[in-house]
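There are 2 protein chains.
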Amino acid sequence: MEIPDSARELLESAALAHLVTINPDGSPQVSVVWVGVDGDEIVAGHVPHNRKVQNIRRDGRVTLSIETRRQNEMGLTEYLVVKGTARITEGGAVELLRELAKTYQGPDADFLPADNLPGGYITHIRVDKISGVGPWA
Amino acid sequence: MEIPDSARELLESAALAHLVTINPDGSPQVSVVWVGVDGDEIVAGHVPHNRKVQNIRRDGRVTLSIETRRQNEMGLTEYLVVKGTARITEGGAVELLRELAKTYQGPDADFLPADNLPGGYITHIRVDKISGVGPWA
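Top to bottom, those sequences are chains A and B.
Using my numbering, the letters of the first sequence correspond one by one to residues 1 to 137.
Using my numbering, the letters of the second sequence correspond one by one to residues 1 to 137.
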């Protein structure tokens, strides 16, 4: 599905994403990652071939959640939950992470400055369903 | 396992928990909740018999993640991941949520003020493994 503008704004901000993948034994694996938006896909970069990458290659079902700094009328913090289908591509992770660092760390970020890094992996998430608490729910 | 002091401090703070349970089809279900600590268990309250409660009753494997506001030497935000085993008890949710509201909303919070609310459900999470980025990892 297309990403609604309200959700896109949060996905493109410096708010962190809690990315859930599924372990081989069916239990959830979570890490907190930087994300960006590329067209109608959410993207994240990984330099090593870590558990997340291995999990997504085996089972593309992912969920991510992001807190806002806004509260609703009950005083509950608004948050976005995205249920999606992910795929992994090889290469380009360092460039993506350096780009995302400008959002997450600031325009002058010097993230992963070494020039001999491996290409890494990019997770591309197609959005299947949006929920949570906020204008997108 | 016992909860390390560094993790306990975060679990008892106003930082929100992203709680993952497992849907019947094996996909992850996520919501952002208030949590507290009771002895060596993490607790959360739910007034309705929602999806989380139903999922935990079927499969007690849960994971929760919490962001700090601290960054490590690479400029990455520290966060806690708890892998645990959860069980549900009935009743006491409103009292727990009113108590947690003092932490999450402030000492004068007037959360769920009605006096005719159902007892709800409490999730109790026994900690099996702690990871993430921070002094607990």
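Wrong hints could be hidden among the right ones.
[Stated by the list, open to error] Covered stretches of chain A, going by a simulated chain B footprint (3 or more residues, C-beta under 8 Å):
hint: 1; region: 25-35
hint: 2; region: 58-72
hint: 3; region: 75-83
hint: 4; region: 86-100
hint: 5; region: 105-116
[As the list claims (entries may be wrong)] Just a sample of chain A residues kept apart from chain B, beta carbon distances all over 12 Å, derived:
hint: 6; residue: P4
hint: 7; residue: D38
hint: 8; residue: H49
hint: 9; residue: H124
hint: 10; residue: R126
hint: 11; residue: V127
hint: 12; residue: G132
hint: 13; residue: V133
hint: 14; residue: P135
Hints in this document: simulated from the structure, not taken from any laboratory.
Here a beta-carbon is modelled for each residue, glycine too, at the ideal position from N, C-alpha and C.
(message) To test your reading of the hints: which numbers does this structure violate?
(response) 4, 12, 13
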